[in-house]
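**Student:** Using the sequences plus the hints, can you model the full thing?
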Amino acid sequence: MATRSKRLTGVVAVALTLALAWSFAWTVGAQAPPPRRPARIISLVPALTEMLFDMGAGPQVVGVSRYDTFPPPVRALPKVGGLLDPDYEAILRLRPDLVITYGSQAELERRLNAGGVTFYSYRHAGIAGILQTIGELGIATGHEPEARASSNRLQAQLDAVRLKVRGLNRPKTLLVFGRERGTLRQIYASAGAGFEHDILEIAGGASVFAAARRESVQPSIEMLLASAPEVIVELHGTGAPDAASIKSDHEVWGRLASVPAVRNGRIHILYGEHLAIPGPRLGATAEDVARAIHPEAFR
Amino acid sequence: MNVVATARSLPGYRPVRTRLLASLAGFGTLAAAVCLLAPLVGSTSISLARAFDPSIPFADNIDAQIFFIARLPRVTAAALVGGTLAAAGVVFQALLRNPLADPFTLGISAGASAGAMFAIVLGASVAMVPPVPVASLLGAALGALVVYRLATLRRAPLSTSVLLLAGVTLNSFFGASVMALQFVADFTQVARAARWLMGDLDVGSFGPIGSALLLVAPAFVLFAFLPSSLNVLSLGTDAAAARGVDVHRAQRTAFLGSALATAGAVSLAGPVGFVGIIVPHLVRLLVGGDHRVLLPASALAGAAFLVICDLVARTAFSVQLPVGIVTALIGGPFFLWLLVRKG
Numbered sequence: 026m027a028t029r030s031k032r033l034t035g036v037v038a039v040a041l042t043l044a045l046a047w048s049f050a051w052t053v054g055a056q057a058p059p060p061r062r063p064a065r066i067i068s069l070v071p072a073l074t075e076m077l078f079d080m081g082a083g084p085q086v087v088g089v090s091r092y093d094t095f096p097p098p099v100r101a102l103p104k105v106g107g108l109l110d111p112d113y114e115a116i117l118r119l120r121p122d123l124v125i126t127y128g129s130q131a132e133l134e135r136r137l138n139a140g141g142v143t144f145y146s147y148r149h150a151g152i153a154g155i156l157q158t159i160g161e162l163g164i165a166t167g168h169e170p171e172a173r174a175s176s177n178r179l180q181a182q183l184d185a186v187r188l189k190v191r192g193l194n195r196p197k198t199l200l201v202f203g204r205e206r207g208t209l210r211q212i213y214a215s216a217g218a219g220f221e222h223d224i225l226e227i228a229g230g231a232s233v234f235a236a237a238r239r240e241s242v243q244p245s246i247e248m249l250l251a252s253a254p255e256v257i258v259e260l261h262g263t264g265a266p267d268a269a270s271i272k273s274d275h276e277v278w279g280r281l282a283s284v285p286a287v288r289n290g291r292i293h294i295l296y297g298e299h300l301a302i303p304g305p306r307l308g309a310t311a312e313d314v315a316r317a318i319h320p321e322a323f324r
Numbered sequence: 087m088n089v090v091a092t093a094r095s096l097p098g099y100r101p102v103r104t105r106l107l108a109s110l111a112g113f114g115t116l117a118a119a120v121c122l123l124a125p126l127v128g129s130t131s132i133s134l135a136r137a138f139d140p141s142i143p144f145a146d147n148i149d150a151q152i153f154f155i156a157r158l159p160r161v162t163a164a165a166l167v168g169g170t171l172a173a174a175g176v177v178f179q180a181l182l183r184n185p186l187a188d189p190f191t192l193g194i195s196a197g198a199s200a201g202a203m204f205a206i207v208l209g210a211s212v213a214m215v216p217p218v219p220v221a222s223l224l225g226a227a228l229g230a231l232v233v234y235r236l237a238t239l240r241r242a243p244l245s246t247s248v249l250l251l252a253g254v255t256l257n258s259f260f261g262a263s264v265m266a267l268q269f270v271a272d273f274t275q276v277a278r279a280a281r282w283l284m285g286d287l288d289v290g291s292f293g294p295i296g297s298a299l300l301l302v303a304p305a306f307v308l309f310a311f312l313p314s315s316l317n318v319l320s321l322g323t324d325a326a327a328a329r330g331v332d333v334h335r336a337q338r339t340a341f342l343g344s345a346l347a348t349a350g351a352v353s354l355a356g357p358v359g360f361v362g363i364i365v366p367h368l369v370r371l372l373v374g375g376d377h378r379v380l381l382p383a384s385a386l387a388g389a390a391f392l393v394i395c396d397l398v399a400r401t402a403f404s405v406q407l408p409v410g411i412v413t414a415l416i417g418g419p420f421f422l423w424l425l426v427r428k429g
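Chains A and B supply the protein sequences, listed in that same order. Heads up: the first sequence is residues 26 to 324, going by my numbering. Heads up: the second sequence is residues 87 to 429, going by my numbering.
Hints listed in this document are in silico derivations from the structure and should not be mistaken for laboratory results. All values derive from a computational prediction rather than experimental measurement. The C-beta atom is built at its ideal place from N, Cα and C for all residues, glycine as well. Don't take each hint at face value.
Residues of chain A placed beyond 10 Å of chain B at every Cβ, according to the derived structure [to be verified]:
{"id": "1", "residue": "87"}
{"id": "2", "residue": "138"}
{"id": "3", "residue": "143"}
{"id": "4", "residue": "145"}
{"id": "5", "residue": "152"}
{"id": "6", "residue": "157"}
{"id": "7", "residue": "169"}
{"id": "8", "residue": "187"}
{"id": "9", "residue": "189"}
{"id": "10", "residue": "196"}
{"id": "11", "residue": "320"}
Below 20 Å or equal to it, Euclidean Cα-Cα: the simulated EDC-like pairs (lysine to aspartate or glutamate) are [unchecked claim]:
{"id": "12", "chain 1": "A", "residue 1": "104", "chain 2": "A", "residue 2": "114"}
{"id": "13", "chain 1": "A", "residue 1": "104", "chain 2": "B", "residue 2": "272"}
{"id": "14", "chain 1": "A", "residue 1": "197", "chain 2": "B", "residue 2": "146"}
**Tutor:** See below:
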């Protein structure tokens with residue numbers, strides 16, 4: 026009996042020591058003041074990685090997500106998981122002093138908080154939100170003036186596009202950013218909110234699904250026919266495929282013969298990795314979309 | 087012979103021909119009415135007079151295009167997939183002698199899902215051939231072949247326990263393949279794969295339906311030879327052999343037919359759940375367990391059921407829900423109500 030109670034006391038003592046050590050470590054981590062200019066940044070959001078490099082904070086970035094491919098230097102950086110599976114151990118191993126997370130990574134943010142690691146949480150929003158994010162990132166990384174310049178650069182590019190199409194009629198446009206290859210199924214189209222909607226507005230088009238106050242809709246064939254877009258712009262966030270696939274991407278829309286865009290040959294399919302990323306290259310995306318909708322403005 | 091004589095002497099007994107005709111008339115009328123009425127309703131309102139006006143060229147006639155390109159293929163696909171999955175469900179339940187069996191038990195649908203995921207992640211398209219249906223068909227064929235080969239290794243009649251265990255194992259294997267592919271895929275591909283798994287009937291033309299029919303039509307020809315054998319098979323292989331049934335042949339026909347049916351339906355619409363398990367049980371509650379009546383009645387009821395579910399999916403909410411969600415959302419409570427009422 027005495028041996029048993031001794032053993033129990035031992036277990037409790039070890040547990041208490043561990044708990045104390047853990048809470049001490051936690052307290053120390055949480056109280057450490059965030060450095061003024063973080064030297065070891067990890068970014069788990071490709072759009073924000075691009076923003077960091079654009080404002081000159083690239084040399085401070087020590088790790089990125091599995092989905093980061095731009096600018097080219099990030100390809101050589103250690104990968105620390107993705108949106109759904111951030112690798113907490115790999116993140117800690119890089120000893121970051123600032124981690125850029127996506128707002129849905131609540132568990133990671135809880136752990137970073139417990140570990141006393143500063144993090145910046147982000148969620149995709151419209152273009153105003155993107156410009157604001159660039160500003161906030163500048164403050165968080167000690168690049169405030171460069172961030173302001175980066176934000177102004179993007180704003181100027183968007184304004185230039187807006188100016189080009191000013192006064193032109195705004196055709197009813199279907200902006201597609203997802204579709205099952207070779208069919209008209211599983212279409213994701215821009216609706217009445219979000220950066221794709223803002224890009225379409227800047228590029229001089231009027232979204233056919235603007236009434237839906239959300240970022241995307243999945244229209245049925247019936248909705249596509251009934252919405253009767255005058256222009257269809259399809260964005261592929263990849264490099265251009267072979268000629269046969271490009272031809273097939275165009276031909277598949279030919280089935281909807283009554284749609285004005287189909288009848289008038291106004292199907293524009295754009296390829297490019299920048300098209301899917303709401304970062305500093307949005308100015309280029311806006312220009313690409315505007316050139317498709319209003320080629321006459323760029324002659 | 088004795089069994090028939092005993093059955094005939096029961097009060098309320100009706101010969102199978104009468105019951106078959108009655109249920110064909112009942113479920114046939116239901117399916118026909120639903121298929122005729124469903125294309126008249128949609129998320130937008132159209133003028134039928136304009137849709138059928140031959141003086142307007144088709145390319146200029148939005149109402150005709152909505153009717154003939156959006157709605158009619160969609161209703162046809164729903165009827166075909168619903169009827170096929172329900173019939174395959176009946177056959178699988180008899181073949182495996184398990185009331186919980188459905189077209190997705192044996193790994194055929196999981197193979198199709200892995201194939202579809204593969205096509206979505208690799209994303210390559212060969213000219214105008216849509217990669218997802220083709221890849222899902224190849225996956226389904228692979229799943230069916232593996233299960234069949236395993237269950238027939240001993241050249242004896244198909245072992246139902248081997249079939250079931252091989253099916254469950256393949257489901258896990260393909261499930262893990264889907265997860266592995268999703269793990270390396272990007273967000274948009276993961277979202278598209280998840281969407282594919284919810285089922286989709288918005289096929290947009292009769293082309294995909296024609297392709298699926300190449301598999302489904304032979305399946306129904308095989309099904310036509312099955313009902314009497316299934317009646318005896320559901321008593322067990324020994325009992326069936328004792329009654330002079332060529333058990334091996336009946337099992338092969340049943341497996342081949344339902345594998346073809348499942349592969350065709352899943353490659354057309356994705357894995358639309360619930361139809362293959364609930365419709366056979368629902369119809370069994372209404373017409374009894376004789377497969378000579380149950381199989382055709384389930385096919386018709388499955389067609390009507392999925393057309394109705396799809397009608398709800400595309401009209402009842404502000405967003406169009408995937409049909410696979412609606413089948414369980416409205417089919418589940420309805421089945422439970424019927425179960426309690428009949429039970």
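**Student:** Which of the listed hints are not met by the structure?
**Tutor:** none
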